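Peer 1: So the protein lines, in turn, are chains A and B.
As numbered in the working numbering, residues 1 to 447 make up the first sequence, in order.
As numbered in the working numbering, residues 1 to 185 make up the second sequence, in order.
Everything labelled a hint here was simulated from the structure, so no lab data went into it.
Please read these numbers as outputs of a predicted model, since none were measured by experiment.
Using N, Cα and C, we set each Cβ at its ideal position, and we do this for glycine too.
Treat the hints with caution; some may be incorrect.
Claimed, not checked - Okay, derived cross-link-like pairs now, EDC-like style, lysine to aspartate or glutamate, Cα gap no bigger than 16 Å in a straight line:
hint: 1; chain 1: B; residue 1: K145; chain 2: A; residue 2: D160
hint: 2; chain 1: B; residue 1: K156; chain 2: A; residue 2: E110
hint: 3; chain 1: B; residue 1: K140; chain 2: B; residue 2: D177
Stated by the list, open to error - Every beta carbon over 12 Å from chain A, so not counted as near; a handful from chain B, in silico:
hint: 4; residue: R6
hint: 5; residue: G14
hint: 6; residue: L41
hint: 7; residue: F47
hint: 8; residue: F85
hint: 9; residue: H91
hint: 10; residue: G99
hint: 11; residue: E134
hint: 12; residue: G136
hint: 13; residue: Y153
hint: 14; residue: V179
As the list claims (entries may be wrong) - Cβ-to-Cβ under 7 Å is the rule here; a few derived chain A residues that face chain B:
hint: 15; residue: G20
hint: 16; residue: P74
hint: 17; residue: F106
hint: 18; residue: D107
hint: 19; residue: P108
hint: 20; residue: P190
hint: 21; residue: S436
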Amino acid sequence: MSNTRILIVDDELIMRESLGGWLARDGHDVEKAASGEEALQKLETNRFDILLVDIKMEGMSGLELLKRVKENDPDVDVVMITAYGSISSSIEAMKNGACDYLLKPFDPNELGVLIEKIVERQAQAKENLYLKEEHRERTRFESMIGQSAAMQTVFDFIQDVAPTDATILITGETGTGKGLAAKAIHSNSPRKEGPFVGINCGAIPEHLMESELFGHQKGAFTDAKENKKGRLELAHGGTLFLDEIGEITMRMQIDLLRVLEDRVFYRVGGTQPIEADFRVITATNRNLEAAIREGIFREDLYYRVNVISFTMPALRERKEDIPLLADHFLRRFSQETNKPFDGISRDAMDEMMMYEWPGNIRELENAIERAVVVGKGKKIEPGDLPIFRPEYREPPPKMSLKEMEQTHIRQVLEETDWNIARSARLLEIDRTTLYSKIKKYDLQKDR
Amino acid sequence: MAGSGRIILISPVGDVDPAVCESVRAEIGRVFGYPTTMRPLLDDVSFAFDANRNQHHSTPILEKLDALAPADVLKILAVTRVDLFIPILTHVYGEAQLGGRASIVSLYRLGEDLSPAAGETAFLKRVKKEAVHELGHTFKLLHCKEKTCIMHYCRKISDVDRKSGELCRYCKILMGDEVKRLGGG
């Protein structure tokens, strides 16, 4: 997991610098803004986990900034910073959605505890999302499909490397099917009778990662009520797939390197060395060489995982596979939803062939799933694929981000006939967030 | 000023017991593996004094130390008896330039809650731990989650007593990486 990203908003340089310095030494990624206006600009292009906002600022006040931030993203955690004597403003801030406040200068104890508490809560929320996503992933991408030259090269490569026990690094953009390729290698290897154990290193909160990978002994920490095997142990005799390896922390990189070198590890709280025999396949959409240059990925680990590597082609590089993939997804979703379709119209297919698919196969899959849900005819038509609607491709000029979000949420709700669970899934947000956005924009079902 | 040398300078600021400085110097040499030397760079830190808080702001002291230290000095650890603060916090035991050259540790609060029986040895242990901790930041080490690691951030004095005088295995490796990057220790 990447570090906690914190935005400090304070019009006093000295405060920004001292707070920023302390948080950096505590291992957080810190950005600073000298005003509410600058903070809003930064928020347009960056995602932050926590905002630390001074209440009293020249220009836009901290309270005004809080309101604006919460309008755009009710889930972001905002901590207000205040001086003695302005407690009433802090109480008002809490009523407006601030998660806490600090009186400056803070006691070092207070600041550390507060940040830790927020990070812990956010990690818990991420864990819940991960568990949901993991469940969903199990039902997706059941096979690799493709007749293009690019995919034939991939198939040939898999055939060649599968019988060996070499460590493999699979690179490629998000949604290109790196996990599928890893499974295909495993299925064609001498370890195919053994387990295929995957872990998404980018989705598991840092505090759970160690126990997930290495397992733990009963009593190793508060929640360790029983002994638990980690994924390394579960992968014994089979293949360990480390997805999104570019996202793991420096500490975990050190642990992984040691395991990959020695093939021996310890459960958390354990004293017995455990030997595990597994093949390692890793995947990433990051440029690891650039990450090494930035100092966020260890060079020694890179050489350990990058014995053999290959890149999964982007969907735009193998457009001839689109009809085959689209047809496959159509049949699957048609069956799942019990809505029979004859196929995809020529116009819809032409549009699909012209589109660049930045989200790759996953985006295509989502588009077909959506079309099956909203489609009224026997064939999928361009209008059933929201990404091809004129308003999607050419957003009306001068529409604010807020208006755009409101319009998009309304469209999705109408398309699903206000099915909250399905809408939340299509929007890739949780239901609580969807409910809060419906309330915020005062959206109502047409009667 | 960037330090291209290989020496760690221990620099007493004001009136500091030479025995304490010597003890710190020996510990820094043991943990970091670099040659050390002891020399005052700065005697008067009144420029950093804040009359409202009756404390000294540590950040400008670090900047001054960095400017004053000769080029053959790789890192500086200053030792002072004055109470230090950074504007956002009520107090600090020390401060360091993350990945930079200068660090400082204050003895002012490290004598708190010491039982008379614990004596000088316990006080020295605290000073050495916080000195290594602050200097560790100049080698790019961040606060560590391991409660026993010397890079663990201590919110109160009992935390300082609880942690060990050593880097955990993660911090040791990260420290080794940085030493290698700097060209050996």
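Peer 1: Determine for every hint whether it applies to the structure shown.
Peer 2: Here's how the hints hold up against the structure:
no.	hint	result
1	B:K145 / A:D160	44 Å, violated
2	B:K156 / A:E110	11 Å, holds
3	B:K140 / B:D177	10 Å, holds
4	R6	22 Å, holds
5	G14	23 Å, holds
6	L41	21 Å, holds
7	F47	15 Å, holds
8	F85	7 Å, violated
9	H91	7 Å, violated
10	G99	9 Å, violated
11	E134	10 Å, violated
12	G136	10 Å, violated
13	Y153	6 Å, violated
14	V179	15 Å, holds
15	G20	9 Å, violated
16	P74	27 Å, violated
17	F106	6 Å, holds
18	D107	5 Å, holds
19	P108	5 Å, holds
20	P190	34 Å, violated
21	S436	32 Å, violated
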